[in-house]
Amino acid sequence: MTTTNTKFLQQQRLHEKTVREFVEQQGGVFLALSDDSVFVNNLRGAAYKHLALRAGAVRSFSGREHLIRELKEVIKNRNKPLIFVERETDSVSNADFIKFLRANIPDIFILVLTTEIAKEHLILFLEMGANSCITKPISIDQLVEKIAFTVKPPTQLVALIERGKKLMFLKEYEKALKIATKVLEVKPNSPAGLMLKGDSLKALGKRKDALVAYRQASDMAEMYLEPLKKLADYYNEEGDDQRELVYLDQLDQLSPLNIDRKMSIGRINANLGNFEKAEEVFDQVVRLTNRDAKTRVASVSKNIGEYLTQKNAKLAEKYLTHSLRTKRNMISKSDMETFNTLGIALRNQGKWQEAVKNYMSALTIAPNEANLHYNMSLAYTDGEDFAHAAEHMDEATRLDPTLGEDNDIVSYNIGYAFLRVKQVQKSGKYLTMALKLNPQNEDAQGALAKLRVLATEMAAAAKAAAAQKAQQG
Numbered sequence: 001m002t003t004t005n006t007k008f009l010q011q012q013r014l015h016e017k018t019v020r021e022f023v024e025q026q027g028g029v030f031l032a033l034s035d036d037s038v039f040v041n042n043l044r045g046a047a048y049k050h051l052a053l054r055a056g057a058v059r060s061f062s063g064r065e066h067l068i069r070e071l072k073e074v075i076k077n078r079n080k081p082l083i084f085v086e087r088e089t090d091s092v093s094n095a096d097f098i099k100f101l102r103a104n105i106p107d108i109f110i111l112v113l114t115t116e117i118a119k120e121h122l123i124l125f126l127e128m129g130a131n132s133c134i135t136k137p138i139s140i141d142q143l144v145e146k147i148a149f150t151v152k153p154p155t156q157l158v159a160l161i162e163r164g165k166k167l168m169f170l171k172e173y174e175k176a177l178k179i180a181t182k183v184l185e186v187k188p189n190s191p192a193g194l195m196l197k198g199d200s201l202k203a204l205g206k207r208k209d210a211l212v213a214y215r216q217a218s219d220m221a222e223m224y225l226e227p228l229k230k231l232a233d234y235y236n237e238e239g240d241d242q243r244e245l246v247y248l249d250q251l252d253q254l255s256p257l258n259i260d261r262k263m264s265i266g267r268i269n270a271n272l273g274n275f276e277k278a279e280e281v282f283d284q285v286v287r288l289t290n291r292d293a294k295t296r297v298a299s300v301s302k303n304i305g306e307y308l309t310q311k312n313a314k315l316a317e318k319y320l321t322h323s324l325r326t327k328r329n330m331i332s333k334s335d336m337e338t339f340n341t342l343g344i345a346l347r348n349q350g351k352w353q354e355a356v357k358n359y360m361s362a363l364t365i366a367p368n369e370a371n372l373h374y375n376m377s378l379a380y381t382d383g384e385d386f387a388h389a390a391e392h393m394d395e396a397t398r399l400d401p402t403l404g405e406d407n408d409i410v411s412y413n414i415g416y417a418f419l420r421v422k423q424v425q426k427s428g429k430y431l432t433m434a435l436k437l438n439p440q441n442e443d444a445q446g447a448l449a450k451l452r453v454l455a456t457e458m459a460a461a462a463k464a465a466a467a468q469k470a471q472q473g
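In UniProt numbering, the protein residues as written are 1 to 473.
Calculated directly from the structure, the hints in this document are not laboratory data.
DEER-style ranges, computed between Cβ atoms:
#1 T6 - L157: 29 to 39 Å
#2 E120 - D443: 44 to 54 Å
#3 K175 - G273: 40 to 50 Å
#4 G63 - Q440: 48 to 58 Å
#5 S361 - E120: 37 to 47 Å
#6 K422 - D400: 18 to 28 Å
#7 G63 - D283: 27 to 37 Å
#8 S361 - E405: 26 to 36 Å
#9 R243 - K422: 52 to 62 Å
#10 P401 - D443: 19 to 29 Å
#11 E384 - G273: 26 to 36 Å
Cut-off 30 Å, straight-line C-alpha distance, at most; resulting in silico cross-link-like pairs (BS3-like, lysine-lysine):
#12 K165 - K229
#13 K49 - K152
#14 K80 - K146
#15 K206 - K178
#16 K311 - K333
Given the structure is predicted, the values throughout are model-derived calculations rather than measurements. Ideal Cβ placement from N, Cα and C applies to all residues, glycine included.
Based on the provided sequences and hints, a complete structural model is requested.
As structure tokens, this is what we get:
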């Protein structure tokens with residue numbers, strides 16, 4: 001046997017020993033979210049035939065819900081889970097699911113399964129919390145090696161950093177800072193050590209010193225995402241949109257498939273008035289989301305539209321309309337808020353007739369939704385169609401008698417709709433309510449003054465008509 005073969009076998013046995021110790025000493029369990037029977041059988045073969053592990057060490061699932069239920073039991077029994085997750089389940093990316101797992105159970109191991117993967121997808125999965133990726137098909141020896149590298153005991157440096165993170169979680173910031181100092185003594189300019197130092201300094205109120213540490217970490221690892229995230233978060237806390245955007249853009253260059261980050265980039269550009277750039281980024285968000293379920297596309301488009309409603313009504317209209325069109329036959333009462341927001345975006349552009357059509361579409365689904373009738377009344381008021389405005393306001397208050405009781409602007413709008421059609425009693429009720437809620441409401445003050453004049457004129461006209469009738473009689 002050659003020296004090379006001997007070394008290979010020694011290395012192989014070392015990997016096998018690492019995996020056995022993970023299962024036997026740490027209570028390791030392998031959970032696979034996969035409908036790939038070839039891979040699952042390979043995993044079972046590696047565990048039971050090749051390594052002779054205990055029964056129950058491998059469990060497979062085809063759905064996320066089943067995996068989560070089993071995961072809860074595994075953690076309850078104080079076992080250590082290693083999860084294999086397919087890149088997609090039911091044609092939907094598992095990136096968000098991996099992010100959910102990592103956020104809720106930080107100590108688990110996660111390996112993503114894929115047949116082939118582009119660099120940007122690999123970066124996204126690692127950023128979401130995966131430890132590594134497995135490219136299928138994979139031999140049993142390679143699989144054992146991949147598991148071994150994932151679960152092997154941490155080095156002294158990694159153990160120190162993990163301890164520091166736990167101290168940060170426990171809010172023992174001074175102790176965490178001491179750990180960071182130890183890490184930097186063992187490995188000067190360690191990006192992880194510098195970030196731990198920055199986190200602890202920031203928590204202790206030494207923000208400028210923390211910023212220095214974060215910048216040093218970024219300089220030491222230009223292709224490492226975490227220091228850039230720390231810098232973006234720092235400037236977000238400072239309320240400095242321009243500088244936050246610089247680091248978010250850098251992160252986007254390194255990991256261009258992160259939808260949440262693109263949403264932040266779009267929002268900041270909108271805040272800064274860069275609406276062309278905001279639209280470009282939001283369009284990227286919608287395109288990326290289109291790869292997943294339609295309900296998610298609709299939800300993301302709705303969130304973009306709601307954010308833009310008071311900033312750029314035209315863009316808000318675009319994304320809210322896309323949200324509703326995406327759902328098409330799946331539209332339900334849960335979408336009424338989207339219809340309402342789209343109507344506001346249309347009204348803000350002076351498109352009152354389009355707003356009315358939008359509300360009419362919504363009323364075919366939820367005819368008894370008071371807010372729809374209220375907003376339709378406002379649209380008719382914009383178009384000076386006061387008769388229809390009063391009709392829908394009357395229906396809104398019939399469906400919800402409490403409407404306007406806790407908001408002076410709403411009660412003023414109701415009162416004004418009735419004022420325009422000379423419904424004195426109803427108008428007086430709501431205008432008085434508005435001023436009771438906010439005595440400084442100048443619109444309500446002016447409308448109430450007009451109402452009093454109108455009431456006087458109507459009373460005088462009625463008196464004159466009665467006198468004339470009596471005279472004729």
